[in-house]
Amino acid sequence: MAQHLTIKDLSLQYSASDPKALSSLSLEVEAGSCCAIIGPTGAGKSSLLHCLAGTMRRHHPESVASGQIQIGETLFNGLPNHILFPIAGLVLQDPYVQISGVRDTVFEEVLFTLENLGMVPQDPRKTIMSLLERLGIDHLADRKPTSLSGGETQRVALAAILIAQPPILLLDEPTTALDSNAQDKLRLILRSLRGRTTVLLTDTQIDFALSIADQILLLDNGTIIFRGDPRTLLSQIHNFSSTLPIESWLQAQSFLSSHEKLSRHRPMIAKALSLK
Amino acid sequence: MSIEFKNVSFRYQNDHEVLNNLSFVAEPCAFHLVIGQNGVGKSTLLKLMNGILKPTSGQVFVGELNTATHPTSRLAAEICVTFQNPADQIFAPSVRKEVTFAPRNLRRPNVDGLVSHALSLCSLDSVSSHHPYDLPAPQRRLLTIASAIASGSPCLAFDEPSAGLSQIERVVLERLLTELKRDRRGFVVVSHDLGLFLRYASQVLVLSGGRNIFFGRPEELLEREGYLRKAGLKLPLPLRLQRMARK
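If you read the sequences in order, they're chains A and B.
Quick note on numbering that gives the first Met the number 0: the first sequence kicks off at 0 and runs consecutively.
Quick note on numbering that gives the first Met the number 0: the second sequence kicks off at 0 and runs consecutively.
No lab work stands behind these hints: they were computed from the structure.
All figures in this text were calculated on a predicted structure; none of them were measured in a lab.
Every residue, glycine too, gets a C-beta built ideally from N, C-alpha and C.
Hints may be right or wrong, so weigh each one.
The calculated label-pair distances, taken between Cβ atoms and stated as ranges, are [said to hold, decoys possible]:
#  : chain 1 : residue 1 : chain 2 : residue 2 : range
1  : B       : P92       : A       : H3        : 41 to 47 Å
2  : A       : V63       : B       : Q58       : 37 to 43 Å
3  : B       : A91       : A       : N115      : 43 to 49 Å
4  : B       : Q58       : A       : E29       : 58 to 64 Å
5  : B       : E173      : A       : T145      : 29 to 35 Å
6  : B       : N20       : A       : Q235      : 49 to 55 Å
7  : B       : K180      : A       : S65       : 46 to 52 Å
8  : B       : H69       : A       : H81       : 36 to 42 Å
9  : A       : N80       : B       : S125      : 31 to 37 Å
10 : A       : R186      : B       : E218      : 25 to 31 Å
11 : B       : D133      : A       : T231      : 34 to 40 Å
12 : B       : S201      : A       : N238      : 45 to 51 Å
13 : B       : I212      : A       : N220      : 32 to 38 Å
14 : B       : E26       : A       : T145      : 34 to 40 Å
Only chain B is shown next, with the shape it has when bound in the complex (with noise of 0.2 Å):
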C-alpha cells in the first residue's frame, strides 16, 4: 500500500501555511525516514496521513482512500501514526490494555498475539499490568510503539521515536526495527537522529520551507551536505569523519 501526497497545502487555522504544494509517493513497504528543520512541518505530515487533520488543498492518498473521504477509524487500518508526545496519545489504565486497544477496535485476528508479539518486541512484557504513568518517559514512549506495531497496520509512522531514549531502549528500538522489516511492513519515521535512522531508510524525504526539497536514496543525500543543512542536520559523526579525512 503506498502513500501519495498529490499537491498538497496544508496551514492550521488562522496560522501560517505550513506545507505548501507537497508533491511526493511513498512506497509500499519501504522505510522513509522525513527530516527538517524545528516547526518545517514533518509532524503535521504524519497527522494528514492518517487523517487526523485534512489538506488544506491537494489530496493525500493512502493505498486507494482519499484520507479526506475516509474516517481515520478506516485509514488506522492501513497506518498507524505514533505521536510526538507520548501524554497526547496514551488513555488506558495499564499497558496491556493501551496496547489492546487498537487490534480489538481495528477487529484484528488474534488480538491477544498480536499484543503479546508487540508487547514483547518493545521489552514491555514485565510491565504490562503498569499504569503507562507508572513507567520512566523512554518506556512511555516505547509504549506508544507497541501500541502502534498492535495494531497490525501494514505501514507504521513514528514521530520521533529515538527522542529521550537511553541506551537501553535504543537497542530495544534498532531491534524491533529490524525485525518489522524482515516482516515487510513499511514505515514513515520523522526524526533528527540520522546515526540511527539512516541505516534503516531506503528513502530520505527532506521539508524545507512547506516543500519537500528532495526526496531520494540516502546515499544521495550524503553526497549532497546541502540538502542536510537546510533540514538543520549534521552527518552522524563517522561519516563526519571520513569527509574530513578525505578533504
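Extracted from the complex, chain A is given alone in its bound form (with noise of 0.2 Å):
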C-alpha cells in the first residue's frame, strides 16, 4: 500500500565543517502520487533521496542532520539509521554501481533482488519477464548484465528494484541514458504506479518531470525555490532560466506567442510534451 510521506525541516550536512547539502527543508507527499525534484548539480536532489532510502546514514556516518522524516505511521527523528528497503527503494544515479554483477542474466539480476528479500513468487518468470517487456528489455533477458549498453543498464537497473514494488520509489535521474522510446515505457509504468506507490524522482532535465509528475520541488543550494504543480512551474518557467534548462521550453513559448492561430492553443505544449 502506498504511503503518504512528511519531511519536516529536514537540513543535512555531510560532516560538521561541511557546509549546509539541505537547509529547513519540509515537504509533503500525498501517498500515491509522483513529487519530481529538479535543479542544478550541487542543489541536494540525491541527498534528499539518499535521506529517505536510509542510505545517507550508512555511507556517510558523520553526515550531520536533523527534523524529521516520516514514511506511513513510522517516524525518525534525523535520520533513518538502516537501509530501507524494500520499504522504500532506491535506483541509484549510476546504474552500473547498481547491478550486482553476480548473476550471469538480466533475469537472474532482477530474481537476485526477490531471493535477497525472501519474496520469491510460485513462477518468477512470469513476474520477472512481464516486468522486463514493459521496460522494453525482455530480449535481454538471458543477456549478461554486465555486457549491456548504458540506456539497456539503466533499464535492468530499474527492473531490479521495480520487481520489489517498494511502497516508496525513489529514482534518481532514472532518464539519464534513456531514448525516447525507452522514455515513454517508463512513463506509462510510472503511472500504472499513481495510487499505489508514492514516487519521488530527481531529473535535470525537466520534460519527463514535467510529463509526470503531480508535485514539482525546484531545489537550489539545498532549499526549496519553488512548488507547484507542472502548470504553475511552466507559467513562471521564465524565472528559473539560470538553474534550468529551459531554452527549448523559452523558444517554445516564444513560437508560440509568434503565431495567434496557436497562441489560442497553449495546452497543445502539453500536448507535444504529453503532461498529463
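These two chains come separately, so use the hints to put the complex back together.
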C-alpha cells in the first residue's frame, strides 16, 4: 500500500564542517502521488533521496542531520539508521553501481532482488518477464548484465528495484541514458503505479519530470525555491533560466506567441510534451 | 583527417552481432551526430574508431591508419574518445593529473598550455587539485571531456556528453563546443539529446538494426520523421510545435 511521506525541517551536512547540503526542508508527498525534484548540480536532489532511502547514514556515518522524516506511521528523528528497502526502493544515479554483477543473466539479476528479500513468487519467470517486457528489455533476459549498453543497463537497474514493488519508489535521474521510446515505457509504468506507489524522482532535465509529476520541487543550494504542479511551474518558468535547461521551452513559448492561431492553443505545449 | 568505415561488422565474443556491414565516411573537421535506440551499437561504433575494438569483418580507417594494424596509442593521437560511464576511464588521483595524462603520453608540445586551456574550457580550473571522485557526477563527465580536449587530437568523440548534466554544465558544454568548432576540431558525438546537438551537427548518422539507415544533413533528417522514430527519438520541442502548427 502506498505510504504518505512527510519531511519536516530536514537539514543535512555531510560532516560537521561542511556547508548544509539540505537546509530546513519541509515537504509533504501524498500517498500514491509522484513528486519530481529538479534543480542544478549540487542542489541536494540525490542527497534528499539518500536520506529517505536510509542510505545516507550508512554511507556517510559522519553526516549531521536534524528534522524529521515520516513514512506512513513510522517516524524518524533525523535520518533512518538503516536501509529501508523494500519499504523505500532507491534506483541509483549510476546503474553500473546498482547492478550486482554476481549473476550471469539479466533475468537472474532481477530474481536476485526477490531472493534477497525472501519474496520469490511461485512463478518468478512470469512476474519478471512481464516487468522486463514493460521496460522493453525482455529480449535481453538471457544477456549478461555487464555486457549491456548504458540505456539497457539503466533499465535493468530499474527492474531490479521495481520487482520488489516498494511502496516508496526513489528514482535518481532514471532517464539519463534512455532513448525516447524507453522514456515512454517508464512513463507508462510510473503512471500505472499512481495510487499504489509514492514516487520521488530527480531529473536534471525537466521534460520527463513535467510529464509525470503531480508535484514539482525545484531545489537550489539545498533549499526549495519552487514547489507546485507542472502547469504552475511552466507559467513561471522564465524565472528559472539560470537553474533549469529551459531554452527549448522559451523557444517554444516565443514561437507560440508569434503565431496567433497557435496562441489560442497553448495546451499544445502540454500535448507536445504529453503532459498529463 | 577522415574516418572511414568499410563494410564493418562487429560481434562481441559469444554474443549477438551489433553492427552489420556498416559503411560511411566521416569528413575531417565536421560535426557528426550519431543517434539510435538504446543498445543499437552507438558506443561500440566509437570504440571501433579508436581501436579499442577491432571489426569482426571489414575495416576502419582513421585517416590513412587501419585500426586493425595500429595500436590505440597511435590512434589516440588522431581521435580521442570519451566513455559513456566516466568511471570507466578516470584513474588519476587529481583532476589536473587526469587531464595531463593524454598530452604527456602523446608527447605533445606545450603540455601545460593544453591542460590549462582544457581545464578552463570545461570550467574545472577551480577544482584542478581535487580528486576526481570528490567531484559531482556532472563535473566528472566534463573532466572526461577536458581530458579529450587536452589530448590535442584533431578529432574528438564523445559518448553521451550531456547525460546527467544540469543547466550549469550544459552551458559550459555548449560554450566549449562552439569554441572547438571554431578551432576546426572534428567531432563524433553519440547522444539522444537532439535539442542540444542538432544545431551543431553537420551530419547525422542514424543506426538501426546494426546498419546506418540514414547519413546526411540534419535538415534532411528532420524532413523524414520515420528515421527519427526508428532511432527511438522525438523531435525537440520547438520543432515539434512547428510541425503541429503546420498540420
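Structure-based check of all given hints:
1. P92/B <-> H3/A: 41 to 47 Å: 46 Å, holds
2. V63/A <-> Q58/B: 37 to 43 Å: 59 Å, violated
3. A91/B <-> N115/A: 43 to 49 Å: 36 Å, violated
4. Q58/B <-> E29/A: 58 to 64 Å: 59 Å, holds
5. E173/B <-> T145/A: 29 to 35 Å: 33 Å, holds
6. N20/B <-> Q235/A: 49 to 55 Å: 52 Å, holds
7. K180/B <-> S65/A: 46 to 52 Å: Taking Cβ atoms as reference, K180/B and S65/A lie about 49 Å apart, which means the hint holds.
8. H69/B <-> H81/A: 36 to 42 Å: 54 Å, violated
9. N80/A <-> S125/B: 31 to 37 Å: Given about 36 Å between the Cβ atoms, the range holds.
10. R186/A <-> E218/B: 25 to 31 Å: 30 Å, holds
11. D133/B <-> T231/A: 34 to 40 Å: Cβ of D133/B to Cβ of T231/A: about 37 Å, so the range 34 to 40 Å holds.
12. S201/B <-> N238/A: 45 to 51 Å: 35 Å, violated
13. I212/B <-> N220/A: 32 to 38 Å: 45 Å, violated
14. E26/B <-> T145/A: 34 to 40 Å: 35 Å, holds
In terms of the numbered hints stated before, the structure departs from hints 2, 3, 8, 12, 13, listed from lowest to highest.
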